[in-house]
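With these hints in hand, go ahead and build the complete structure from the sequences.
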Amino acid sequence: MDKLNIIVVDDHATFRDGISFYLEEILGYNVIAQYSNGKEFLESKLIPVADFILMDIQMPVMNGFEAIKKALWKHPYIKVIAITNYSHNTHLRELILNGFKGCVLKDNVYENLKTAIADVSKGKVHFNDNINF
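Position one of the sequence shown corresponds to residue 1426 (this note's numbering), numbered consecutively onward.
The hints are simulated quantities; they were obtained by calculation from the structure and are not laboratory data.
Here are the simulated distance ranges between beta carbons:
no. : residue 1 : residue 2 : range
1   : 1540      : 1499      : 25 to 31 angstroms
2   : 1546      : 1499      : 17 to 23 angstroms
3   : 1486      : 1539      : 26 to 32 angstroms
4   : 1536      : 1483      : 18 to 24 angstroms
5   : 1501      : 1455      : 20 to 26 angstroms
6   : 1500      : 1536      : 25 to 31 angstroms
7   : 1487      : 1457      : 17 to 23 angstroms
8   : 1453      : 1519      : 30 to 36 angstroms
9   : 1522      : 1439      : 27 to 33 angstroms
10  : 1549      : 1497      : 17 to 23 angstroms
11  : 1518      : 1439      : 28 to 34 angstroms
12  : 1491      : 1543      : 26 to 32 angstroms
Only a predicted model underlies this, so the values are computations on that prediction, with no experimental measurement involved.
Backbone N, C-alpha and C fix where the C-beta goes; we use that ideal spot for every residue, glycine too.
Laid out in structure tokens, this is it:
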């Protein structure tokens, strides 16, 4: 099986670098791009070759919800997992309606991301239990 190509979108450079290192060095995936907001992501020519998008929800310039709605319009096949700090503000219904296939909280991203990617790869969804309805 080929390595998965992943795009990471988060407004914190340290988090992007850390999660990219984890994805490449520990899980063996290819991080093909990193962006600091939804607008930069939408300008990417790499979206069509990405297997997964890991997207923060709360970002300046353009948030993750808006970016994914627009990306799915052009690329309806992309698989998107939200990565967020905001469990109390994140609602399962809103994530699903905006096209997210999963959500992992940043507090336990290293414990849950591998399973989330595996579940979504198999056509399942993956949402943490503490995401509100």
